[in-house]
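Here are the chains, one letter per residue:
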Amino acid sequence: MSLDTLLKKASVRSPWLFRINAGSCNGCDVELATTALIPRYDVERLGCHYTGSPRQADIVLVTGPVTVHMRDYVLRVWNEIPEPKVTVAVGICPISGGVFRDSYSIAGPLSRLVPVDVNVPGCPPRPQAIMEAVVLARSIWLKKLGLEG
Amino acid sequence: MSDILWALFHVCVFPGGLFALGFALFLKGLDRRIVARFQRRVGPPLIQPLLDIAKLLTKETLIPRTACKSMFMMAPVIGMTGMAACAAFIPVPGVFDGMYMMGDLLVLFYLLPVPAIAIMLGGSASSSPFGAIGFSREMLIMLSYELPLLMILLTVAMITGKATGIGTADFSLLNIVQYQIHHGQFGLNPLMIPAFIAYLMFLPGTMGVPPFDIAEAETEILEGPMLEYGGPLLALFQIGTAFKTFVVLSLGVIMFFPGCLGDFWLVNLFWFMAKCLILMFFSISLLRAVTGRLRIDQAMMFYFKIPAVLAFISLVLVMIV
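Just so you know, the sequences run in chain order B and V.
Count the first sequence with this note's numbering and you get residues 1 to 149, in order.
Count the second sequence with this note's numbering and you get residues 1 to 321, in order.
Calculated directly from the structure, the hints in this document are not laboratory data.
All of these numbers come straight from a predicted model, not from anything done at the bench.
All C-beta atoms in this analysis are idealised placements derived from N, C-alpha and C, irrespective of residue type, glycine included.
Careful, some of the hints might be misleading.
[What the hints assert, rightly or not] Taking CB as the label site, the calculated pair distances span:
(1) B/Asp4 / V/Gly165: 55 to 63 Å
(2) V/Ile181 / B/Leu7: 39 to 47 Å
(3) V/Met319 / B/Asn26: 54 to 62 Å
(4) V/Arg295 / B/His69: 30 to 38 Å
(5) V/Leu147 / B/Asp4: 41 to 49 Å
(6) B/Ala33 / V/Val316: 44 to 52 Å
(7) B/Ala33 / V/Arg295: 20 to 28 Å
(8) V/Leu286 / B/Asn26: 29 to 37 Å
(9) V/Arg295 / B/Ser105: 22 to 30 Å
Bound-form chain V, shown alone (with noise of 0.2 Å):
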């Protein structure tokens, strides 16, 4: 009964549910204002995601008459619940150990795709073409980021393997992280540092900043998917793409540098988050702020020639050392 209570309290309060949100909207007010800042403007308050949030769920929502009622409705809750289960399964280093001990990283895995295709159910059940280009770019460009995605996770899942002395690969967040901890973070290992700027490379893509917003280019074809979308279903797409973005900068984290400062949890719990912070500047804001947009091929090919034949090399080295 106790197992239940916990697991609930782990999806609902912390890591995922509401730590999880709250992190991640400020996380995005600061990214747009450290943007704004980045081109002289003020910027927009800190708050602005959860007044735009907020926004949203006292607005009218409208469904295209041509539109696929149910598949148009479900699309945001199976993106925000997806993303939600997920953001459960962090464990924080040197605050929480993560809620299940064996191969939760292949969970993550399975999981992550999860918003990216909520989107191009939603896009397809809006019947507007608009949506429909917005699906295909979607679709292109999430096949293009698994790729190099499945390397790094394997890539770490392997090295943890092989210096834990189980031989093949461990896919436990909970091994991953106890081993960073006892014997020097991956981030710092040669050997993995083309898997790490690999995955500084894979993070824009996911969370379709520029330069690889291909499926969402509002100027080019008018939000895409997001097109039909407006008022509390929209909210919801808004708070499945808060939930990413705490899983994908956190995974990062755990991955390649979940070192702690000091046994008191809260001054881990800080640490973690600067750290993921940082992650969000380098590889979201600073991005986001210096480039335009990519055509489809050429993200494509992006991701195709570098991305994963750093993954790849990593991935090898890791084999053969």
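So that you can see chain B by itself, here it is in the shape it has in the complex (with noise of 0.2 Å):
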């Protein structure tokens, strides 16, 4: 195995995590903030971290239906995240705008906008299903870097 091979292997298992709150309605972010780090789900020891960088992040978590007033601040925060990187969206409402799909005021589904990687639904998901995300997300980074996952 090459340096370059191994280099890529080693940096899949330190995710560094960053939140996106785009108009959410602050349930999905206590889930990701408290739920997914508390001792019995324990995010952490996936290697991951949660970062207050956009510049340091490498799988971004967002949450909320992506609001018209929010737009323009995600897309800038999104591209000053560095390359390889992967896009989660975290709850119904960046995946289909949930209960507010048809408000004057919603500038998404996230997918409009950016890439997404992982979608997981769920009014707030579960703690299991956000740190199944996160492992998925992985992989997926991996096939980014050029490898199999």
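Quick one: dock chain against chain with the hints and give me the complex.
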């Protein structure tokens, strides 16, 4: 195995997460920020770490239905994340708009703005589903690096 | 010629370079694991810091358009090389005597603020307002922990100088270690106990861990000076921090508890590493798991009120007795 492959294989074991709240009701954010970190689920055992800066992020978790007001900010922050990145839509809102889908103030769903790699449906999704999404995102990341997942 | 080769060996392999980096990354992995266990979590694997650095090396480097590019790229290099040089000066009791015999404690004192200065340079060069806030906070916390550190080092130098008959302070790490091996360790000397407690309080401040992670508060000012850093440049910062962990922990061990177990070098090496680990457990991991974050003014007042006074008490006691 070459050094390059070794680095790439090691790198997916250190996914740093970044959260974007695109007009969410905070339900999914609570699931992400607190429930996934509590002793019972502990997302850190996958090597995850929540960063405060989009420049250090590998996996970006978007919550909320992407309101018109938030659209430009979401795009701006999303573009600041260095490649290779994996986008995860958490909750039903960024996937389809959820209960807000016919609203005049919605610019979503998220897949209209940026390529989404993993969808986690639920309102809010279960912590197990979020962690499974992180594991899935890792294998997608490996594919983006040019290796088989 | 062979002198130069030996110096290179000390900087690149032991005790600086590979040994310091590997040991410090292991310590950091253990630290994350210990904190996770305190919170009844499983925690990341032990090699997680190494994986993080490998990951950062594969990412692309982004430089803000408004940043001062040359300084932005130089800052992590300055921080890393400063500390890598520092690590070569550390004598390991019973294994290695240190690179130079005269005044190396002073050299360490001058090199220790280099990572903090690198963080300040990087933060101010990044042109981000959070970087500017982080810059001022890092400078304030540095100014407050440098005073107790200077007094602690002076106390240690003073007691060694008085005892070995020089009369004035003796800033040679080798003499400090040799004196303690033959005449009892400073950590058990009642005159030096306030200074040791002050050093324990200095450690979390200089490593930027809670309750003193004020400059890089990620929930408050989004990592501050580190906000615009990502990819290989951030990896360099992390390597620099790893060297710094090694330097400050082993400085604490050789100033206060440098005792050896027998004559065999391998046993002494592991004993030294175990003592670093114990020091880290009490002054970094335990504190990090149980405390929140202080405000910058509270942290400054803490450093001026408690560790400075404790170190001063030791200094005066050593000068009188």
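| Is it true that the C-beta distance of V/Arg295 to B/Ser105 lies inside 22 to 30 Å, as the hint says? | violated, 38 Å
| query | Does the hinted range 29 to 37 Å hold for V/Leu286 and B/Asn26 at CB? | reply | holds, 33 Å
| request: For the range 41 to 49 Å, tell me whether the beta carbons of V/Leu147 and B/Asp4 fit it or not. | output: About 48 Å separates the Cβ atoms of V/Leu147 and B/Asp4, which means 41 to 49 Å holds.
| task | Determine whether the Cβ-Cβ distance between B/Asp4 and V/Gly165 falls within the hinted range of 55 to 63 Å. | result | Given about 59 Å between the Cβ atoms, the range holds.
| Should the hint that V/Met319 and B/Asn26 are 54 to 62 Å apart at their CB atoms be regarded as holding? | holds, 59 Å
| said: Taking the Cβ atom of V/Ile181 and the Cβ atom of B/Leu7, is their distance within the range 39 to 47 Å? | reply: Check passed, 43 Å falls within 39 to 47 Å.
| query | CB of V/Arg295 to CB of B/His69, is that within 30 to 38 Å? | reply | Once the Cβ atoms are compared, 33 Å apart, the range 30 to 38 Å for B/His69 and V/Arg295 holds.
| Should the hint that B/Ala33 and V/Val316 are 44 to 52 Å apart at their CB atoms be regarded as holding? | 49 Å Cβ-Cβ, so the 44 to 52 Å window holds.
| message | Quick check: does the Cβ-Cβ distance between B/Ala33 and V/Arg295 fall within 20 to 28 Å? | response | For V/Arg295 against B/Ala33, whose Cβ atoms are near 23 Å apart, the range 20 to 28 Å holds.
The structure fails to meet hint 9 from the earlier list, while all remaining hints are met.
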